[in-house]
Amino acid sequence: MDSIAKKLQQRSLSARIERRGKLVTQCLTLLIVLLVLVIFAFIATKGVAVFTKDRGNLWTFFTGSTWSPDKLDIHRRPLIGALPMIVGSFSVTLLAVLLATPFALAAAIFMTEIAPKKGQQILQPVIELLVGIPSVVYGFIGLGVVVPFVQKLVGGSGFGIFAGALVLFVMILPTITSMTVDALKAVPRYYREASLALGATQWQTIYKVVLRAGTPGIMTAIIFGMSRAFGEALAVQMVIGNAILMPSSLASPSTTLTSVLTMNMGNTIMKTTANNALWSLALLLLIMALFFNIVVKYIARKGEL
Amino acid sequence: MKKLMQYLGVLGVGLLILSGCAKSPGSKEQTITAVGSSALQPLVEAAGENYNQIHPNAFVTVQGGGSGTGLSQIQQGAVAIGNSDVFAEQKKGIKAQNLIDHKVCVVAVVPVVNKQVAIKNLSLSQLQAIFAGEITNWREVGGPNLQISLVNRAQGSGTRTVFEQQVMQGRTSKRAPEQDSSGMVRQIVKKTPGAISYVALPYLSSDLKPLTVDHVAVTAKNVQNNRWKIWSYEHMYTTKNLNQLTKDFIRYLLSDKFQQNEVRKMRYIPIKAMRYQQNAQGQTTKL
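Protein sequence lines correspond, in order, to chains Y and S.
Residues in the first sequence are numbered from 1 upward in steps of one, following full-length UniProt numbering.
Residues in the second sequence are numbered from 1 upward in steps of one, following full-length UniProt numbering.
The shape of chain Y in the complex, shown without the other chains (with noise of 0.2 Å):
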């Protein structure tokens, strides 16, 4: 008697093992908080520093346009006026999900509305296969084939932004497609079915009722598309010309933030002024990227009401 109350009474093995699982997969993901949180205070307090320790002047970092940050101007303050880099960055990010959405939206409509078939048996392998290609090898394409003809279309080097959004474009379309996928994919089927037995036709159907539906997932891809190409260093590196300058034009060589910090990073001295300032460049960076993630949460959250 005893023995069965106490077997009742005792935890069974597999709750145990559940208990202990559970256990495993609470730490795991407490650590990867920490890690984050860890990660970003570092990048905090290092890209601070340029302005709390050398003195740099926050409004000439938005505004300024001479990056020299181992000089110092008239009121001794190091000139670090990371505008070109601003410019350049969001430049580059916005001309190239300009370019990318409308075929990105073209294929994920062909995809799973007009041609659902034929549609994933031909372009799904091939969009996961642009994922698959290491962005040096973008770079170089964009070195041998996108600068050359830029340069005979608009005359110049080549080099610039028009050079990188071109680059860009490519390397987020399989971004903004597969998500688009899978937003056109969760509208639900009687919304296309009502929509036809009303008498509508298929382009119909798909503009006013699945684009429509699809919207908030629509945008959160084009937003993860954005966020990708803000990241991006090496591709837009090799083709945007790093010139620290305004850029005057699509085709003048210009720099982003990541190339920038790419390219000084190995030459800085660290805690040196010109290194604290690149770490600000970083922490600008993550803000942004943090600033994406959380336009896609609340897109997301409204998409679900």
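Any given hint might turn out to be false.
Computed spacing ranges between beta-carbons, pair by pair [stated by the list, open to error]:
#: 1; chain 1: S; residue 1: Asn243; chain 2: Y; residue 2: Gln124; range: 25 to 33 Å
#: 2; chain 1: Y; residue 1: Leu290; chain 2: S; residue 2: Gly93; range: 29 to 37 Å
#: 3; chain 1: S; residue 1: Asn279; chain 2: Y; residue 2: Leu58; range: 37 to 45 Å
#: 4; chain 1: S; residue 1: Gly93; chain 2: Y; residue 2: Leu58; range: 46 to 54 Å
#: 5; chain 1: S; residue 1: Asn279; chain 2: Y; residue 2: Ile294; range: 35 to 43 Å
#: 6; chain 1: S; residue 1: Ala132; chain 2: Y; residue 2: Arg212; range: 37 to 45 Å
#: 7; chain 1: S; residue 1: Asn98; chain 2: Y; residue 2: Leu290; range: 55 to 63 Å
#: 8; chain 1: S; residue 1: Val216; chain 2: Y; residue 2: Val36; range: 41 to 49 Å
#: 9; chain 1: Y; residue 1: Leu35; chain 2: S; residue 2: Lys92; range: 47 to 55 Å
#: 10; chain 1: Y; residue 1: Arg77; chain 2: S; residue 2: Asn98; range: 51 to 59 Å
#: 11; chain 1: S; residue 1: Arg251; chain 2: Y; residue 2: Val36; range: 47 to 55 Å
#: 12; chain 1: S; residue 1: Ala217; chain 2: Y; residue 2: Gly155; range: 29 to 37 Å
Here are the computed lysine-lysine pairs in the DSBU-like style, where the Cα-Cα straight-line distance is at most 35 Å [said to hold, decoys possible]:
#: 13; chain 1: Y; residue 1: Lys71; chain 2: Y; residue 2: Lys271
#: 14; chain 1: Y; residue 1: Lys152; chain 2: S; residue 2: Lys120
#: 15; chain 1: Y; residue 1: Lys271; chain 2: S; residue 2: Lys95
#: 16; chain 1: S; residue 1: Lys115; chain 2: S; residue 2: Lys229
#: 17; chain 1: S; residue 1: Lys95; chain 2: Y; residue 2: Lys46
#: 18; chain 1: Y; residue 1: Lys22; chain 2: Y; residue 2: Lys7
#: 19; chain 1: S; residue 1: Lys92; chain 2: Y; residue 2: Lys271
#: 20; chain 1: S; residue 1: Lys92; chain 2: Y; residue 2: Lys71
#: 21; chain 1: Y; residue 1: Lys271; chain 2: S; residue 2: Lys247
#: 22; chain 1: S; residue 1: Lys240; chain 2: Y; residue 2: Lys271
#: 23; chain 1: Y; residue 1: Lys53; chain 2: S; residue 2: Lys28
#: 24; chain 1: S; residue 1: Lys257; chain 2: S; residue 2: Lys28
#: 25; chain 1: S; residue 1: Lys257; chain 2: S; residue 2: Lys221
Keep in mind the hints are simulated off the structure, nothing from the lab.
Quantities reported herein were computed from a predicted structural model and do not represent experimental measurements.
Note that CB positions come from ideal geometry on N, CA and C, so glycine has one too.
Based on these hints, arrange chain S on the given structure of chain Y.
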């Protein structure tokens, strides 16, 4: 689940055995790392390979990353050797008095242009004016009617520091496209009509066109006699308590045999051949 655990177990044991093998007792393997200057990198790599052939247990790992990286890594004591094209005194944030400077050879930096530019020679002042942005068309220096497009190395790169010190002589250079490696510079100058840049001599290849400056060509002899003025030492910095392998390796690099063969073959200039010397302030005097 059970099977997975078994697999993991086997994997773990396997790794243990493997790592055990790697550190089998008896062999006294030694490894040092040299990091920094990309201009010096090919020579150190060659030296490391040769040294390993003579001393099979000694390995020298070589990495680029730029002179700044070399200096900052050696200052932190993270590596055995920090390679640099510039004096440690020239780099902000480096405490030069804590480091030992081993000058292993001299490297010349040469201006290069795209092959379409039908120009062979520039005077030093013309070169200055081009990189300062005052001359913007090749026509102004007797070349074709073609826009000049400048390509610079990244701020703080050793090659750029040398070029600015010897050519610009304190004048600020125009903001221009920057590249972070000699390889990229080569690629871009090759492809862009009207492009001008500069590379360390070991990186000069047949698809670039080197210029003479004031009708002096870049040859070992001209550098030795300081007729070609755009040169710098290649420094290998170490901390004050360097280990035996580091000491031996640098001695090997400085040996007459290596200097006369490898160093010359790779188009560096042996340190003993120099008739002139340079100090950290960039002043050059006759020896």
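Verification of the hints:
1. Look at S:Asn243 against Y:Gln124: about 56 Å separates their beta carbons, and that is not inside 25 to 33 Å.
2. Checked against the hint of 29 to 37 Å, the pair Y:Leu290 and S:Gly93 passes, with Cβ atoms roughly 30 Å apart.
3. The beta-carbon spacing between S:Asn279 and Y:Leu58, approximately 40 Å, falls within the hinted interval of 37 to 45 Å.
4. A hinted range of 46 to 54 Å for the beta carbons of S:Gly93 and Y:Leu58 is inconsistent with their spacing of about 23 Å.
5. Here the CB-CB span from S:Asn279 to Y:Ile294 is close to 55 Å, at odds with the stated 35 to 43 Å.
6. A beta carbon spacing of about 58 Å between S:Ala132 and Y:Arg212 contradicts the range 37 to 45 Å that was offered as a hint.
7. Hint check: S:Asn98 to Y:Leu290, Cβ distance near 40 Å, so the stated range 55 to 63 Å is violated.
8. Between S:Val216 and Y:Val36 the beta carbons are some 58 Å apart, a value that contradicts the proposed interval 41 to 49 Å.
9. A hinted range of 47 to 55 Å for the beta carbons of Y:Leu35 and S:Lys92 is inconsistent with their spacing of about 33 Å.
10. Against the hinted window of 51 to 59 Å, the Cβ-Cβ separation of Y:Arg77 and S:Asn98 comes to about 30 Å, which falls outside the hint.
11. The hinted range of 47 to 55 Å is satisfied by S:Arg251 and Y:Val36, whose Cβ atoms lie roughly 48 Å apart.
12. A hinted range of 29 to 37 Å for the beta carbons of S:Ala217 and Y:Gly155 is consistent with their spacing of about 34 Å.
13. Of the pairs offered as hints, the one joining Y:Lys71 and Y:Lys271 holds, with about 15 Å between alpha carbons and a cut-off of 35 Å not exceeded.
14. Proposed proximity of Y:Lys152 and S:Lys120 is supported: the alpha carbons are some 27 Å apart, at most 35 Å.
15. Distance restraint check for Y:Lys271 and S:Lys95: the Cα-Cα separation of roughly 13 Å lies within the 35 Å cut-off, and the hinted pair is therefore satisfied.
16. Proximity of S:Lys115 to S:Lys229 is assessed by CA-CA distance (about 24 Å); at most 35 Å being required, the pair is judged to hold.
17. As the CA atoms of S:Lys95 and Y:Lys46 are separated by approximately 21 Å, the hinted pair is consistent with the 35 Å bound.
18. With a C-alpha separation of about 23 Å, the suggested pair Y:Lys22 and Y:Lys7 falls inside the 35 Å cut-off, and the hint holds.
19. A distance of roughly 10 Å separates the Cα atoms of S:Lys92 and Y:Lys271; the hinted pair therefore holds under the 35 Å criterion.
20. For the proposed pair S:Lys92 and Y:Lys71, the alpha carbon gap of about 11 Å is at most 35 Å, so the pair holds.
21. Annotation: proposed proximity of Y:Lys271 to S:Lys247 holds, straight-line Cα distance about 30 Å (limit 35 Å).
22. For the suggested pair S:Lys240 and Y:Lys271, the alpha carbons sit about 22 Å apart, so the restraint of at most 35 Å is met.
23. Proposed proximity of Y:Lys53 and S:Lys28 is contradicted: the alpha carbons are some 47 Å apart, above 35 Å.
24. Simply put, S:Lys257 and S:Lys28 have alpha-carbon atoms about 26 Å apart, close enough for the 35 Å limit, and the pair holds.
25. Using a Cα cut-off of 35 Å, the hinted pair S:Lys257 and S:Lys221 holds, with the two alpha carbons roughly 19 Å apart.
Violated hints, in rising order: 1, 4, 5, 6, 7, 8, 9, 10, 23; the structure is consistent with all others.
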